[in-house]
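Using the sequences and the accompanying hints, generate a full structural model.
Taken in sequence, the protein lines are chains W and G.
Residues in the first sequence are numbered from 1 upward in steps of one, following our numbering.
Residues in the second sequence are numbered from 1001 upward in steps of one, following our numbering.
FYI, nobody ran anything at the bench for these hints, they're computed from the structure.
Careful: at least some of the hints might be erroneous.
[Stated by the list, open to error] The calculated SDA-like cross-link candidates involving lysine to any residue, where the alpha carbons are at most 25 Å apart (straight line), are:
| id | chain 1 | residue 1 | chain 2 | residue 2 |
| --- | --- | --- | --- | --- |
| 1 | G | K1346 | G | V1214 |
| 2 | W | K112 | W | N71 |
| 3 | W | K249 | G | R1073 |
| 4 | W | K173 | G | W1054 |
| 5 | G | K1346 | G | V1397 |
| 6 | W | K148 | W | E49 |
| 7 | G | K1346 | W | V225 |
| 8 | W | K315 | G | G1095 |
| 9 | W | K266 | G | C1021 |
| 10 | W | K249 | G | V1075 |
| 11 | W | K394 | G | V1302 |
| 12 | W | K266 | G | S1032 |
| 13 | G | K1346 | W | V224 |
| 14 | W | K394 | G | A1297 |
| 15 | G | K1107 | G | Y1086 |
| 16 | G | K1107 | W | G211 |
| 17 | W | K303 | G | I1008 |
| 18 | W | K315 | W | E300 |
| 19 | W | K394 | W | I191 |
| 20 | W | K95 | W | E142 |
| 21 | W | K394 | G | L1216 |
| 22 | W | K315 | G | Y1085 |
| 23 | W | K173 | G | A1040 |
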Amino acid sequence: MYSRSFAHIILAIILVIWVVPFIALITTSFRSEVASKTSGFWTAFTPTELGHRFSTHDKGQKVKITEMRGNIFDRINKDEEWFKISGEINSIMFKGRVPDPEKPGKTKLIRKLVPVGEVMNVRDGEFVFQANGDFTWSFPEEVAPKPKNLDVFINQDPVFGAEAYFEVLLDNKDVPNALISSFIVVVPATIIPITVAAFAAYAFSWMQFPGRDWLFILVVSLMVVPTQLAFLPILQGFNGLASWATSLKQWMTDCEVTNTCQFPTKSFAGLWLTHTGFGLPLAIFLLRNYIVGLPRELLESAKIDGANHMQIFVKVVVPLSVPALASFSIFQFLWIWNDLLVAMFVGPSATDDIVFPILLERQLGTFGDQLHLLNASAVISMIVPVIVFLAMQKYFIRGLLAGSVKGG
Amino acid sequence: MRSIQSVIFSNSLAIVLTIICVLPITAVFIFSLTAPVDDAFAKFGLWLHNSYGWSVSTFVTELRFAKIGFALRSVVIALFISFLYYWISNWLNFGLAKVRSNKSIAKRSVVIETIQPWIFVGPALVLLLLFLLIPALTTLKISFTEPGGGASLNNYAFLWDSDALGYLQFRLAMRNSLMWLILVPSLCIIFGLLIAVLADSVSWGVVAKTFIFVPLAISFVGAAVIWRNIFAGGGIEPQQAINGATPSYQIGLLKALLGHTPEYNEPLYNLKFWGNFYLMWIMVWIKTGFAMVIFSAALRGVPQETVEAAIIDGANPRQLFFRVKLPQIFSTVVVVWTYLVTDVLKVFDIPYALSANDDDKLLLATMMEAAMNTWSIGGNNVDNLFAAIAIMLMLTVIPHMIFLGWRIRREQKQLGH
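Structure (structure tokens):
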């Protein structure tokens, strides 16, 4: 009994450690800019003291008055679409000059927090406010006061809104562009290696040709080569190809007039091919292990019926290999969607064409001040892989196990 | 009469040449033919823009829709070309064999059967050659070449010469890489085993395992963003203390839990030396799910008789795990360990995203990037130094390659018995 409850507690602690970061991410993405950069995400669920700035009234009001009444919450929420602030006013930070007790006749600049109900001198008027936000500002004679900006501390009720998502998806053009770029990269870079690897895996398991086993060992051993080793020559190769294509275009078309001769060294097509090359060893290994285990009688009876290898492959092997194809495709999909390194070295570098991980890496710098946007953008980048992952969990696990538990 | 070898040779040559000529020309042709698709998409976007009154400028909408159009057609063309290869080469193989050896059906089928495997494996071999094997060997060559040409060991000077560029960085990178190599796989394995065992003994284990599994789907950069919320320092603009009262400006959970005062503003992962451990933890958080899944499956594969026998002999749960189950899944633990070591050696994104390649947080993989972009490391010898560091990275993998190969051989021998 003792050990059973012990298990519950330990597992619960581990689970909390694993889940809290997700809660932090999602909570921060649904908070306002001010809240997310000035207070921790865990304060979002309880009333928390936060600072806000409001102006007493709109500019250009010329009517002379002796008393002005208003509400601080109305002023703060005036232009706020998403995060309507409510709660209780704690204090207002007063910044201004008061008579200096040490030097008679002079004033000094002070900052202090003025609590609810205390009279505060603002532009020679008496400013008093209540916890519910009502304020009165009265003057000894009729004046047309200029608006005054005041910093107020509010014990604020929890408020959430999807503003960050709308801002990131609609107002900022980087995130939609990165989503499109990521899809441009991920679809061919998943389908091409699967196609190529499936053909190769079939040949390695069911066709006879000289050097078959040695080639297979070579292919599998390439699995451990760190991809960093290949970047520089690949880049040089693409560079040469691009300049060759550029001169070809110069020679064949009148592109010099419009200045469109230049072929970029880093392109989507280059990224597809590089990802294909890097993904092939694992793909061939996984698919060959599966295809070699298909029942021999089935393939032989197809052959006796007069089918050639192409027909056997398309009509028999591919339909039977769907689980293995699915499990590799999810590996490759996740790997490419989440890849930063290859995309950075080989992928297009124009701001409109960068893939999501690169954008996110840049936003870690540029959105250091706008944590709600950073987190929203991270959530958007994760939605696609997490959905794919959870939907195809079964195949993913099968692929993992194929490489390790079953003697591989 | 032609010998069968020459027929095979000329047929394969014809197929290769046709492919080399036909595929790129088809691709370029279709590409320029479908160019109006982009404009059509841009017009469609403009129409949507006007009918729904979108807030972005029309220029952005047009560009974005043109890009979607470009994306769709290039994806379709790329896939079409790769399928076209198999179709054309297969068709040519049959067609040419028929034309060239129409007299004997046996000869025809020999020709077809000899060429066909190479049509199937050809693209894979060519891609691997062009994108892995040749580049890796070229990198090896570059690393031993002087900037002006000529062989030399100077690119590796950071190994022994304390005046060489990258001397200090290489030492820090090695120190950090070693710490990562030891700590991350061990922690992943310990947590993975612990969770796999505990989750089997409680009713809500499946839910717990799913949550611990999910980080595997997330990018390292995404994980860095996630953990930034936990490890971050105080607020961006720390508020001055007013009347002695300072509202909390702590935005990092861990710092708040540790009771750091708001003035102390540095994120935890920026700490000198100790910051490395926070970066490692992010990797552990991602990869533990991998170890857990495999260990769960392996533990389920432990024969029930051995467990029951141990229980009858009076083994307590701890003995049951350490004496009975763990020895039986030990080979799986070793496999997971080698996988994790290879993953850790390649890790780049986490330190790159969070530490901006600070010397103190360098790993071999990030040092390569740093050599490319920082003069103090790369100097004017960038490419060669880049290659040299890549080779050092490769060298650290080799022991694992040998170990893995030895293990696979041993297992195959055991299967052979």
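Evaluated hints:
About 21 Å separates the Cα atoms of K1346(G) and V1214(G), which keeps this hinted pair within 25 Å; it holds. This hinted pair checks out: K112(W) and N71(W) have alpha carbons roughly 21 Å apart, not beyond 25 Å. With a C-alpha separation of about 21 Å, the suggested pairing of K249(W) with R1073(G) holds against the 25 Å cut-off. Using a Cα cut-off of 25 Å, the hinted pair K173(W) and W1054(G) holds, with the two alpha carbons roughly 13 Å apart.
Taking the CA atoms of K1346(G) and V1397(G), the gap is near 10 Å; set against the 25 Å cutoff, the hint holds. In summary, the hint linking K148(W) to E49(W) is supported, as the alpha carbons are separated by about 22 Å, within the 25 Å threshold. Between K1346(G) and V225(W) the CA atoms are separated by roughly 10 Å; this keeps the pair inside 25 Å, and the hint holds. Distance hint between K315(W) and G1095(G) is fulfilled; the C-alpha atoms sit about 21 Å from each other, no more than 25 Å.
Pair hint K266(W) plus C1021(G) holds up; C-alpha atoms about 23 Å apart against a cutoff of 25 Å. Taking the CA atoms of K249(W) and V1075(G), the gap is near 23 Å; set against the 25 Å cutoff, the hint holds. Taking the CA atoms of K394(W) and V1302(G), the gap is near 21 Å; set against the 25 Å cutoff, the hint holds. For a cut-off of 25 Å, the pair hint linking K266(W) to S1032(G) stands: about 20 Å separates their Cα positions.
For the hint pairing K1346(G) with V224(W), the CA-to-CA distance comes to about 10 Å; that is within 25 Å, so the pair holds. Distance hint between K394(W) and A1297(G) is fulfilled; the C-alpha atoms sit about 13 Å from each other, no more than 25 Å. Note on K1107(G) and Y1086(G): the hinted pairing holds, with a Cα-Cα distance of about 23 Å set against a maximum of 25 Å. With a C-alpha separation of about 22 Å, the suggested pair K1107(G) and G211(W) falls inside the 25 Å cut-off, and the hint holds.
Proposed proximity of K303(W) and I1008(G) is supported: the alpha carbons are some 23 Å apart, at most 25 Å. In summary, the hint linking K315(W) to E300(W) is supported, as the alpha carbons are separated by about 13 Å, within the 25 Å threshold. Between the alpha carbons of K394(W) and I191(W) the distance comes to roughly 20 Å, so the proposed pair stays at or under 25 Å and holds. Straight-line distance between C-alpha atoms of K95(W) and E142(W) comes to about 24 Å, which keeps the hinted pair within the 25 Å bound.
Simply put, K394(W) and L1216(G) have alpha-carbon atoms about 14 Å apart, close enough for the 25 Å limit, and the pair holds. Distance hint between K315(W) and Y1085(G) is fulfilled; the C-alpha atoms sit about 18 Å from each other, no more than 25 Å. At roughly 21 Å between alpha-carbon atoms, K173(W) and A1040(G) fall within 25 Å of each other, so this suggested pair holds.
Every hint, counting from the list given before, is met by this structure.
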